[in-house]
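Novice: First to last, the sequence lines map onto chains A and B.
Positions 4 to 502 (my numbering) are the ones given, in order, by the first sequence.
Positions 2 to 706 (my numbering) are the ones given, in order, by the second sequence.
Derived by calculation from the structure, the hints in this document are not laboratory data.
There could be a bad hint or two in this list.
What the hints assert, rightly or not - Calculated pairs, DSS-like style, for lysine-lysine (alpha carbon to alpha carbon, straight line, at most 30 Å): (1) K108/A <-> K367/A; (2) K378/A <-> K100/B; (3) K53/B <-> K379/A.
What the hints assert, rightly or not - Some chain A residues flagged as far from chain B (calculated, every beta-carbon gap over 12 Å): (4) F25; (5) N214; (6) Y371.
Even glycine gets a Cβ: it sits at the ideal position worked out from N, Cα and C.
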Amino acid sequence: MNEIILALPVFLPVLSGTVMLFQPWGKKEWSRKRELFIEGLVILNSLLAAAAIGGGTDGGRRLVLFRLYSTLTIMFKLDSMGSVFAGLVAFLWPLATLYAFEYMKHEERKNTFFAFYTMTYGITMGIALAGNLVTLYLFYEMLTLVTLPLVLFPLTTEAVRAGRSYLYYSIGGAAFAFIGLVFVLGFSSVGTTEFMAGGMLDPGKAMENRNTLLFVYVLAFFGFGVKAALFPCYRWLPKAAVAPTPVTALLHAVAVVKSGAFAILRLTFFSFGTGFLRGTWAQWVVMAAAMITIAFGSTMAVREVHWKRRLAYSTVSNLSYILFGATLMTPFGLAAALSHLVAHAFMKICAFFCAGAVMHQSGKIYIYELDGMGKKMPVTFGCLLISSLSLMGVPLFAGFISKWNLASAAFDSGSGLGLAGVAVILYSALMTGIYMMTVIVRAFFPSLTGKTATAALEATDPGWMMTVPLVIFAAAILLIGLHPAPLMRLLTMIGGEAG
Amino acid sequence: MTEAMEWVLPGICGMGLHLKLDGFRLVYSLIAVLMWGVSGAFSKQYMAHYKKKSRYYLFFWATFAATVGVFLSADLYTTFIFFEIMSFTSYVWVAFDEKPESLRAAETYLAVAVLGGMVMLMGLFLLHDVLGTLDMEQIGIEAGRVLAGERTLSHGADIHVAGGFVSAKVQLYTAGFLMLFGFGAKAGCFPLHIWLPKAHPVAPAPASALLSGILTKAGVFGIIILSCTMFTNDGNWGLLIALLGLVTMFLGALLAVFSVNLKRTLACSSVSQIGFIMTGIGMSCLLAWAGEGNLLAVRGAFLHMVNHSLIKLVLFLCAGAVFMNLHQLDLNEIRGFGRKKPALCFCFLMGALGIGGIPLWNGYVSKTLLHESIVEYAHLLEEGAAAKGLPAASPALIPFLTAPGFWKGAEWVFLFTGGMTVAYMVKLSVALFVDKNPKRQEEFDQMSSHYMTALSRTVLVGAAVILPVLGMLPYNTMNRIADMGQEFFRGSGHLHEVHYFTFANLKGGLISVAIGAVLYMTVIRGLLMEPEEGGGRRYVDRWPSWLDLENLIYRPVLQRALPGICGAVFGFVDQYLISTMVTVFFAVSSVFCRALDYLTDSLVVLMRRTVCSQLPEPKNRPETDRLAHILGRLVDRWEKLKDRLFGKEDTGRVRVSAVHHMIEREKRVKHMTDLVEQSFSFGLMLFCIGLCMTLGYLLFVFYMG
C-alpha cells in the first residue's frame, strides 16, 4: 500500500502551487518566508521522489488513480527509465529554485512566478512517473499550459509573441501525438495500455496494418518532437529565450524539452517497440530528421549573437543527439540517448545559469559585450568553461562520455545512416567548439581592438544562491566525466531491458 | 628494461585508462621531465616581470601531466584523452600575452587543435569499430588480419553505404587517415603546420621550447603508433608518411631560410625536423614492407626525435634569453646582441651545430642513420627486391614512386634540406653573434653581465652540454638510447654496426654542409639581404606575404566559405523556408476551411435560388389612396378640434395620425374588391368555358346524332 508515495511528488507541488496563487503573499515582508516555504517544499518533494525511487523498481511498482473506462486508466508506474528522469528532475529542481530566488529578487509578481514554477515540478514528475500513454499525454498537455504563464512572465510584446508561438507549437504537436496514442491503444495486444519494454503492439494485428502504423509512428514522433524542438518545429524554443533565466534554464533546457525527448523514448521503446520499427522506412525518416536538426541547430547557434538564443539553438541541436540515439533503436542506442539526456541536462543548465548570472549582474545579453568578463566573474565563467568544454565533448567531462556512447552506438548499429550520424555529430562538435569557445575566449582574453572594450564595467560574481548551484552543476559534470561507470551500468541495464 | 610496468584505471572517463612504462616511454618521460625541469627553472627569470604568473604555472604543469600521460598511454583511447587535455592547456600558453597577434595565433592554434581532435575522434570511432579494440598490443595484430582480408567487422557484416559495401580494409585506411590528420596537426606536418610559425613567436620562450620540443612529439608519437604498430608492414602507408615527411621537411626549411624572425625561424625549423622524423618513420614502414630489416630507419627516426627535443630546448631558451632582455625578435633589431656573451654564444652554437648535422654533434648521428635508410631503400629498389608485391592502387603513380630514381631524388632532397638547415642556422648565428647592431651595440654590450641570472645560465649551459656529449660518444650514449626505443617501433632485422665516423657516412654530412655554405653565401647574403644606410646590410623578408597557407586557404574557407555557405543555407531555411512553410500551411488551411465554411452557405444559397426560392415580393401598386388621405386628414383635424374644444392639453402623447389607419382600411377594402373582382371574373371565365363546352357538346351530338 506504499504505492501512494508515487502520487505524492506529483500532487504535492501542484496543490501547493495552486494554494500559493490564492495567498496574499505579494507583500515585501513575506518575501523571505515565502522563499523558505518554497525551498522547503521543493526539497521535501525531492526527498519524496528520492524515497519513491529508493524503494526500488522491481516489477514496476504501479498505482492506478482512476479508470476512464475499462482499460483506459490514469496510472503511475515507476520503472528504471522513469526513475532516471525523475531523479534528474528531483536533483535539479531545488538548486534551480535556489538560483531563481536571487535571480528574481527585483522582479514584480514573484508569487505568481513561483506558484507556476512549483506546479511545473509536479507536472514534470507526472511525466516521469506516467505509467501509460494516456497519463503521459495528460501531463504532457498540462505541462504546456502550466509553463505558458512562465514564458509570458515578462509581459512584453516579445514575450507575448513567444508565448503565443509556444502555445501553438505545443498544442499542435500534442494533437499529432494524440493520433499515435489512439492507434497504440487500438492495436495494443494486452488488456492494459501500460508501458512495456519492447512495445505493446499485438504482432499479428500490427503486421497487417504495418504501413499505417509506421506512418502514425512518424506523426507521433514529430508531434512529441515539437517539445524536443525537432526540425522543422523548433522555432518556439529560441523565441522562448525571453523568459526569465530560471525558466529558460530549467524548463527550456531540461524539464519541458526533455519531456518531449522522454515521451519519444517511451513511444519508441515502450509503445511501438523497436522490434516493429527497426529497419523500416519510418526509422530512416525520423533518424534523418534528428540528424538534420543536429547540424541545423549548431550552425544556427554560430550565427546567433544573442547569448541565450545561442544557447537555445545549442539546445535544439543537443536534444536531437538524444533523439538520434533513440532512433538507432538498439539497446545501446537507448543507453547512449539516456546518457546524453543526463549529461546535457547538467551542461546546459550550467551554461544557462552562467548566462543568467551575467545578465543579472551586468545586464549584458549579447556575446560581443562579454569582453573581459571572465576576470570579473571568475566563478561564473569557470563554471561556463567546464560546461562549454563538456558541450564540445572534450575528455574528462560528461559531454565526452555521452558523445562517445552515441557515436559508438551509431557504429554498433551498423547502418549507413548511423555512420553519417557520427559525421554529423562531429560536425556539430566542431560548431559547438566555435560557438562556445568564442564566448570563453572573449571573456578570458578580451580583444583590445574590439569595438566594445567595456573596461569600465564593474561586475562581480553573484551571491551564494546563484553560485552554489553553478558550482554543484560544474562538479557534477566533472564527476560524470571522470567516473561514469555507475551511471552507464544503470543506463545499459535499462537499454538491455527495453531493446 | 625487460619488463614493462602497466597501470590500468578501469572505468575512468568511460572506457578506462591504460598506462604503461617501457623503454621508449621511459626515454620520453625522462626527456619530458628534463625539459619541463629546465624550462621551469628558466621561467623563473623569464616570467619575473609578468603579472599572471600563477596562471602560467598552473597550465605549465597541467600540460606536463597531460603530455606525460600521452607518452605513457597504452591504448589509443587514453592517448586521445590526454592529447585533448594537452591541446587545451597549452592553448593558454599561446594566448598568454593577450596581444592581438597572440590572440590570432592562439585562435589558429585552438582551431587546429579542435579540428584535429574532432577528426581524430572520428578516426578513433571507426578504428574501434573495425578492430574491436584500441589496445596498442592488439591493434597491430587485428589490423594485420584486416589487411590480409582474414577478418570482417566486429558485428559480422561490412557496412552498407548507398547500397554498396565498404570493406573493412577501406575502413581501416580511412580510420588511419583520420587519425593521421589529428596527430599530424599536432606534429606540424604539412599542410597542417600553419599553427607552428604563428604560435611560437608569441608564446613565452620556455613554452615555445616545450611546444616545439615535446608537444609536437606527442603528435609524432601518434604517427609512430599508426605507422609502426598498426600498419606495420604496409607499403602504401609507408609511402604516404615518407612523402608527407619529405614535403614537410623541404618546405619547413624553405620557410626558415626566408624568415627574419628568430623564433619564427626556429619554429619553421621544427616543422622541417618533424619532416625528417616522419621520413624516417615512413622509411621504416617501407623497408619492413620490402622484407628487409628496418632498424636503420627506426633508430634514425627515434634518435632524431630525441635530438630534436633536446636541441630545440636549448635553442628556444636562447631565444628566450634574447627576448626577455630586448622584447624583440626581429633579426635586424636583435643583431649583435650575442656579442661578448660567451655563455649564450656557446649554448646557441651547440644547438645550431647539433641541428645542422655537423659531425661530432648529436644531430649528425641521427641524420646519418636516416640518410642511410633512404640509400638502402633506393638500393633495394634497384635490386628489384621490393618489386615483388606492388600495391594495386593507383597504378600510374606507384611505379613512379617505386622507381629507384625517385628515391635517389629523395636522397638529394634530404641532403639539400640538410644544407638549408645549415644555412638558416648560420644566418641566425651570424646575426646574433657576428653582426654589429648599428644603433644599440653599446647598450647590448653593457647587458653582458646581467642578461641572465645564475640559475638560468646554469640550466641552459647544462642542457647545451648534453648535445656534443651525445654526438661525440654516440656508441656509448645514443646507441643505447636507440636500443631502448627500437622495440616500440617494432624494429626488425639484424642491425649491422654503423660506423658513424667513416668517410662513407661523413660524406653525406659534408655534402650538406657544403650546400649550406653555398646557400648562405649566395641566397641569404645575396638575395635576402640589402644594403642599409649605415653601410651594413640588413635582413629583408622576401617571402611573398600572400603566400601563406593559412590566410590563403584555411581562413577564407573555414571562416568565410564554410560558415557562410552553411550559415546561409540554414539561415535561409530558418528565415524563409520554415516561415514560408508555416505561412503556406496557414494560408492553405484557411482557404480550405473557408471553402468548407462557404460550402454550407453556398448550398443554402443555391437552394434558395432554385428549389426553395421565395416568392417575389409584391410590386408596390401605384398610390391610389387619395380618398384615404382626405378622409384621414379630416379625421385628424376633427380630433384636434375636439381637443381644443374640450380644453384637453397636449399630454405629450403622440397622436397616431388617422391617415395610416385609413390607408390600411382602404387597402383592405381594395383587396377585398380585388378578390371579389378576381373571383367574379374567374367564375365568369369558368362559366364561359363551361358554356362553350356545353355548346360544343350540343353541336357534336347534333351533327353525329
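Novice: Now look at each hint and say whether the structure bears it out.
Specialist: For each hint, the structure was consulted:
1. K108/A <-> K367/A: holds (18 Å)
2. K378/A <-> K100/B: holds (16 Å)
3. K53/B <-> K379/A: The given pair, whose Cα atoms are some 15 Å apart, holds under the 30 Å limit.
4. F25: Holds: least Cβ distance 38 Å, greater than 12 Å.
5. N214: holds (22 Å)
6. Y371: The assertion about Y371/A holds, with a minimum of 15 Å to chain B.
Against the hints set out earlier in the document, no violation occurs for any number.
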